[in-house]
Amino acid sequence: MLLPTFEFHEPLSIKDALKLKKSLGEDAKLLAGGTDLLVHLKKKLITTNNLISLSGIKALSLITKEKNAVIIGSCTTMTQLSSTPIIQKNFPALKAGCDNLGTHLIRNRATIGGNACNASPAGDTLPALLIYDALALLETSDKKREIPMADFFTGPGKSCIQPDEILTGFRLPIPGKNSGAHYIQLGKRKSSEINLVNVAAFLKYDPDTKKIIDARIALGSVAATPIRSPKAESTLMGQTPEEACFFAAGEMARREDCHPIDDFRGSARYRQAMVGVLTKRTLTRAYELARSACI
Amino acid sequence: MKKIIRLTINNQSHEIAVEPNLTLADMLRYQLALTGTKKGCDTGDCGACTVIMDGNAVNSCLVLAVQANGSVIETIEGLTTAEGLAPLQEAFVEKGAIQCGFCSPGMILSAKNLLDKNPNPSEQEIREGISGNLCRCTGYQKIFEAIESQSS
Amino acid sequence: MNKFDVISTRAHRIDTPDKATGQAMFTDDLCRPGQLYGVLLQSPHPHARILSIDTSKAVNLPGVKSVITHEQAGYIKYGVSPARYDETVFAIDKVRYVGDEIAAVAAVSLDIALKALSLIKVKYELLPAVFTVEDATKKGAPQLHENSPGNLCAEVHQEFGDVAAALKTCDIIKTSTMKNKRQDGAFIEMQGCLAEFDNRGLLTLVSSTQVPHYVQRTVAMVLGMDVGKVRVKKPYVGAGFGIKAAACPMELACCILARETKKPVKMNFTREQVFMYSRARHQFTHTITTGAKKDGTLMAIKHECCLDGGAYTSFGIATVYYTGSLLGGPYKIANMSYDGKRVYNNKPACGAQRGHGAVIARALFEQQMDMIAEEIGMDPMELRIKNMMDTGDTTCNDLNMSSFGMSECIEAVRIGSNWDKKKGNMPRGKGIGMACGFFVSGAGYPIYRSDTYHGTVIIKLTEDGGTALVYTASAEIGQGSDTAFAMIAAEALGIPLDNVRLASGDTDMGVDLGAYSSRQTLMTGHAVKQAADHAKTQVLEVLAEQLLVPLEKLDIKKGFIEFAGDTPDFSALRTRYIKEHRGWIDNPDSKKLTFKEASRIAFLEKGSIVGTGKYKPHNLGGKFKGAAVGTSPAYGCSAQVAEVTVDMETGQVTIDNITDAHDCGKAINLTAVEGQMEGSVSMGIGEAMHEEVIFNDKGQVLNNDLAEYKIVTSVDMPRVKTIVVESCEPNGPYGAKEVGEGAIMPTIPAILNAVYNATGVRINELPLTPERVFFAIQDYKAKMAK
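Protein chains in written order, with our numbering: chain A, 11 to 305; chain B, 50 to 201; chain C, 76 to 861.
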């Protein structure tokens, strides 16, 4: 298979990249890990005359700690994230997402920014970004803005990134004590899967009252974008964390919060049923992690 | 327009003019005749084109040659030493881990990369460490055995 | 103790050091000076009349050297079986599936060739298309082929014994239906080829094929050339599993482009084209009724099957016969009927794949065995052993089990899996199941009816003595045949494996039908052994003459000459050898005369020592129509136990363990036998669990890559306990027979029986995706609740 012909640009700074993006116009595509983009180009699903590689911009591949947050550069790879202690410690659901994406070969190239920009409803890191209340960091040549991930996706393959903007990274607030999070996905086989359903959940509880004080659930592959599950979340608030309420939250997510479609990978009916099961299981595990972190 | 790239392949430095749309796999195979790197899908699904790039195993069909500028690449041809097959290659021969052999170069490089990073992998880590390298012949069993035999 | 010196060991394969280092050359690794790049124009429509093809713009594109359509390729029909040649290289009047070949281009670069393709203008008149057996067989359905009314490609009606009468005597009758999904071979090396004419008109085609011989004949026939002017060579091949077992349109187009341009032309399929070409396992829909007495005695099988064939016949006739014939064993059944049909439709043609024709029939029947066992309260293994054929028995359809370690296989997996302890004692959600199966060791006839030898082999001893060169046209495609034949040659000659070199896969080396129907070990193996014996005898005859020792007192073992009784004085021979060898420092000083000395002396006396061997099967049974499909010189058999965990909430099935025993006769190379068994299991698991080619309503494959067509990965594959059971096959070289295909037979039903054991639910459609299993459990729960 041949790639179409294009010009290759390799800016060394975000500033230069933004300049190029502006001058080359909408047709220019940003190249990060390339694990999706190059496949789409080979299969002629997209075309471009200009590829702007971001690999030369060191700042985009950094993971840095701020006071109460971690900044993840958009060109950080899955492998890099998964093996970084600060991610392992504070964002286990994100690590689980990274570990599940593609294969070990893909994970060595695929980036978190690429996963977000690709905006697949089934994207493996996206539910975790949603439940950690991540902010997408966007930059144009003259301004920066931060968008909650809950507002980032606008449709399958679509996001709110403007043509002159670059996604430079994500800000993830470090979850407080007494919290835990987890991510589960379901596919036909156990590796290299395009998820049938994927769910991430975050729970925080009050160690004194033993009640849930914060709950976030994100569902993948069951709507046009990865989504939060607000009704299921609200059923959890103030509840005692135990199987019955996790089951009830799963049922609510299944009935009220998801809108799957049929495709050749699976039926809407099945995906919907699995939202219930996976939500319950993810919550159960998130709570176990919250509790064990507390002990 | 062609670009000049400089990179190290199997401990040898190269300066090569490449078209921007040439993949690393095609450059290795068709420009440098390093045909040990195989192509089984060209879309990053099979792992036959695995090479080690700056210490990480990657699908060379999903890396542009221009992206490899400045990097250090190991291909299957680089494993063999003056003494002959590397111990990992010997283990693949010894355990019967090779049948048609088309996935073997990529498989061996993934295994090498795994053992370089984690000299004593668990069974699950071995499975994960070659999960991107599809083999249709062996059922992977003898491949596990070969990799296990090389863990310290 | 091993009475053999070379075979029956774990010798390292002779091809794998080169494969481990990347030195082994596959088709696309080769290139020729000045080679052109060829590409195919394929139909975007599932069914359309071709009104016109305009190649003028493509021809005029700079860099394009040739554009060919049916005008250059001609009208000669070809296919797999001469009775059903229904393909032409390029579509003439109409296209019948998305991917049907229309034209080809050769250009100086792939880029230009692809550009030229886009400049070819084809005008189509779209025709209504049919994609299922049901739609294709409806009254008034669009017809694919003029001479096949009702889109019926082939049908078979057989009855052995009296099924209706036998069923009347049965206490238990089980009827059930099952269907699988169309498979893809998913070998990792995509098909490729390189064709070149020399200046005397010899065509050499290098191709990624399992069958150089058949490709040679087809190329010669279609190009109108003498077979002697066509040479087909296969370098290393990245597996085939049946799909590469016939000439493909790309190979033919490549040869025509080479003829038109007088340049070497290289062509490759993309992965998408591998799916478009297809030719893998059919989708089968079986209904089987099995009758038994209440003591478990099997009485009759009534079998109906419909094959979703695709646009052309390919292997289809053989497939539809195999589907029926291989239910004849391994159990004693006196009454069996079979009604099979294969239907054309506007999808790519299906063909042969590992376990040709028989896998899904076996998958359904072995479940019925379990149903019967459950109903009469008998252990499934006991029921199978009770009905098992004995060595030497012949099935009602004339398959003779000349060696038969089936019961030993069952016993091996019973112990190996700890069956007695586990069966009936697994918690809900966990299950154990078993099944049996068997397969041919080659077919009785070539695909074209002929009295030809199925394999010829030449062994030449090097003139300096010491090394044997084996020349065979057989096809090493990954299964290990080169090593098996080198080992057989070494064993028969009495020399170490290191002293044997082997060249294969080249039609110039003789006749060999190639790698399909698990034929090579037995058939080519025979020819190798015969050629080795022939060469050896010639050496020993010279020795007998020179040393005045009776021939029957001479033998060769481990590279040395053995004398029965006293060793004669051979110093004169040694002196002569050493004189020949003046200046060298490795002169023999062993107490025994070496093979090297002996074969050098033999050369000095007689010239080149060349041994020849040949094989064709003896007259196999069966006078009825279709008897040639299923009858074989020998049958390999196997039993497997699968253990599974079913997630009752999601329907996800995890295969925890497989225990696999296979009777391969004498194992030539134990490691290679295990490798075939493990590979078969992984392919069976893929088909059982997640492999299916999915089409949209326009006849296009939706999952035409290895991300969405899901073969087993390293993470899905369970550990397999592999047990080699050896019998002695009287019709096999050193008692050897097949392993490459029989070993897939029990995998799917063993898994299905285990899933039933875990869930109480029988699932009659593959693959066992989480969704299918989940809803089957839900439906079952709902039924139980009523």
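Take the hints with a grain of salt, since some may be wrong.
Rough simulated footprint, nothing fancy, chain A against chain B, three-plus residues with beta-carbon under 8 Å [what the hints assert, rightly or not]:
1. 61-70
2. 84-96
3. 174-185
The list that follows gives simulated cross-link-like pairs (lysine to aspartate or glutamate, DMTMM-like), each with its CA atoms no further than 25 Å apart [claimed, not checked]:
4. Lys856/C with Asp152/A
5. Lys53/A with Asp104/C
6. Lys369/C with Glu271/C
7. Lys654/C with Glu627/C
Hints were generated in silico from the structure; no laboratory data involved. Glycine included, every Cβ here is placed at the ideal spot set by N, Cα and C.
Comparing the hints with the structure gives:
no.: 1; hint: 61-70; result: holds (count 3)
no.: 2; hint: 84-96; result: holds (count 5)
no.: 3; hint: 174-185; result: holds (count 6)
no.: 4; hint: Lys856/C with Asp152/A; result: violated, 62 Å
no.: 5; hint: Lys53/A with Asp104/C; result: holds, 23 Å
no.: 6; hint: Lys369/C with Glu271/C; result: violated, 66 Å
no.: 7; hint: Lys654/C with Glu627/C; result: violated, 29 Å
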